[in-house]
Amino acid sequence: MPLYTLGINHHSAPLSIREQVAFHAERVQLALADLTRRNSVHEAAILSTCNRTEVYLATDAPDVACQWLAEYHRLERRQIEPYLYTYPERAAVRHVFRVASGLDSMVLGEPQILGQMKEAVRAADEAGTLGTTLHKLFQQSFAVAKEVRSTTAIGSNIVSMAAAAVRLAGRIFERIAEQRILFIGAGEMVELCARHFAAQQPKQVVIANRTVERGLALADRFGGSAIRLEELGERLPQFDIVISCTASPLPIIGLGMVERAIRVRRHRPMFMVDLAVPRDIEPEVGDMDDVFLYTVDDLAQVVESGMESRQAAVVDAEAIISERVEVFLRWLATRATVPVIRSLRDAAERARRHEVEHALKLLSRGEDPALVLEHLSHRLTNKFLHAPTQALTQAGGDNHDLHSLVGLLFHLHADHRPGD
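With the working numbering applied, the sequence shown has no gaps in its numbers, which climb one by one up to 433 at the end.
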């Protein structure tokens, strides 16, 4: 069942509108019962505070909930529609995580919203309108909020260098989403930087590491690829942003390498951050006109200046939220397979019972038990394989997608797969 968030908050509407759609705490459970009486609304929860009224839904018709919100408060829909937002699945999940973490609050990072959300969940649970999907969504929201508050600078003045690097890159490039990023190394600092930059959804993410397997393991988390360190000289011109942090005792990027890269790039700017101690990038690179090089000391000064203190906290939190949204959406996608799995198991169970009954009849007539077991195993095998065999026969030899799927489902070795 699709997931939606709809509502009105301090970003979208003035107080005069927000107060008209607020729910009194003692009326929320009755309102939820009324909403879920609509056939298309299967799960629901309501969060109502001084800054927002939001309805979280599992429904295939969000428009029904929009109309209900107006009618419940005795308003014409046109009175609230200009201020109303409706977020479908991905955006809905991200919004809920941001609300729980205090990123959507009037006062950034304020902790009260988490308690208010937990109260909204309790009310929905008691009203019987909190199903599997919303229950999982809110449990994940609380976990994300805890992670954001314990690992980021929300509510404090601590700012990470990774967040500062993102902000500095934003001064050079109008949109990081249009840039190609190279991370050199695969340690904790590179991982942290990768998380922050990946939240900006760059055009490409590549990890360069001495051990390609370790680089690939990190790259997979951010939808990127991996290369060997030996490929740096050849590949460097392709990247707009370079972040390096290795344990090399000597620089791995020299002045000559960068000069060649800039010529190939036709002097398009390159933003470089060297977080290694000792340095990975020769300091002379920073003297080039088209290169913006920052060292670990440069970033430390930026952090200490307080310039990044507010926005860097948001960058840290958004990075976590982006990662957790993907995790939740993967879980949600698996829910779609549950009915198919249930039907498959039911069909197999029916076939099993039928064949067992048949075998018992043969045994009761005095048939040889060994022959009955052999007969039973053959009949079960034939029944279980009839449908996939028939599908493969009808598809012929050209349907490679079906062949691959059958191989995956039945764990067939490549040399035994159909059509090979």
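You may find that some hints are simply not true.
[Stated by the list, open to error] Below, simulated EDC-like cross-link-like pairs (lysine to aspartate or glutamate); rule was C-alpha separation at most 20 Å, straight line: (1) K159 <-> E187; (2) K149 <-> E336; (3) K149 <-> D73; (4) K159 <-> E191; (5) K396 <-> D411; (6) K149 <-> E160; (7) K149 <-> E132; (8) K216 <-> E191; (9) K216 <-> E243; (10) K131 <-> E160; (11) K396 <-> D359; (12) K131 <-> D117; (13) K149 <-> E339; (14) K216 <-> D138; (15) K159 <-> E368; (16) K216 <-> E368; (17) K396 <-> D414; (18) K396 <-> E368.
What the hints contain is simulated information worked out from the structure, not anything from laboratory work.
Status of each hint after checking the structure:
Between the alpha carbons of K159 and E187 the distance comes to roughly 32 Å, so the proposed pair goes past 20 Å and is violated. A C-alpha spacing of about 16 Å is found between K149 and E336, which places the hinted pair at or below 20 Å, so the restraint holds. In summary, the hint linking K149 to D73 is supported, as the alpha carbons are separated by about 18 Å, within the 20 Å threshold. A distance of roughly 32 Å separates the Cα atoms of K159 and E191; the hinted pair therefore is violated under the 20 Å criterion.
For the hint pairing K396 with D411, the CA-to-CA distance comes to about 25 Å; that exceeds 20 Å, so the pair is violated. Of the supplied pair hints, the one linking K149 and E160 holds, its CA atoms being roughly 16 Å apart against a limit of 20 Å. Proximity of K149 to E132 is assessed by CA-CA distance (about 16 Å); at most 20 Å being required, the pair is judged to hold. Simply put, K216 and E191 have alpha-carbon atoms about 5 Å apart, close enough for the 20 Å limit, and the pair holds.
At most 20 Å may separate the alpha-carbon atoms for a hinted pair to count; K216 and E243 exceed this at roughly 23 Å. Proposed proximity of K131 and E160 is supported: the alpha carbons are some 16 Å apart, at most 20 Å. At roughly 14 Å between alpha-carbon atoms, K396 and D359 fall within 20 Å of each other, so this suggested pair holds. Our distance criterion of 20 Å between C-alpha atoms is met by K131 and D117, whose separation comes to about 16 Å.
Among the hinted pairs, K149 with E339 is consistent with the structure: their alpha-carbon atoms are about 14 Å apart, no more than 20 Å. The straight-line distance between the Cα atoms of K216 and D138 is roughly 42 Å, outside the 20 Å bound, and the hint therefore fails. Restraint check: the Cα-Cα separation between K159 and E368 comes to about 53 Å, which exceeds 20 Å; the hinted pair is violated. Simply put, K216 and E368 have alpha-carbon atoms about 56 Å apart, too far for the 20 Å limit, and the pair is violated.
Simply put, K396 and D414 have alpha-carbon atoms about 23 Å apart, too far for the 20 Å limit, and the pair is violated. Of the pairs offered as hints, the one joining K396 and E368 holds, with about 10 Å between alpha carbons and a cut-off of 20 Å not exceeded.
The structure shown violates the earlier hints numbered 1, 4, 5, 9, 14, 15, 16 and 17.
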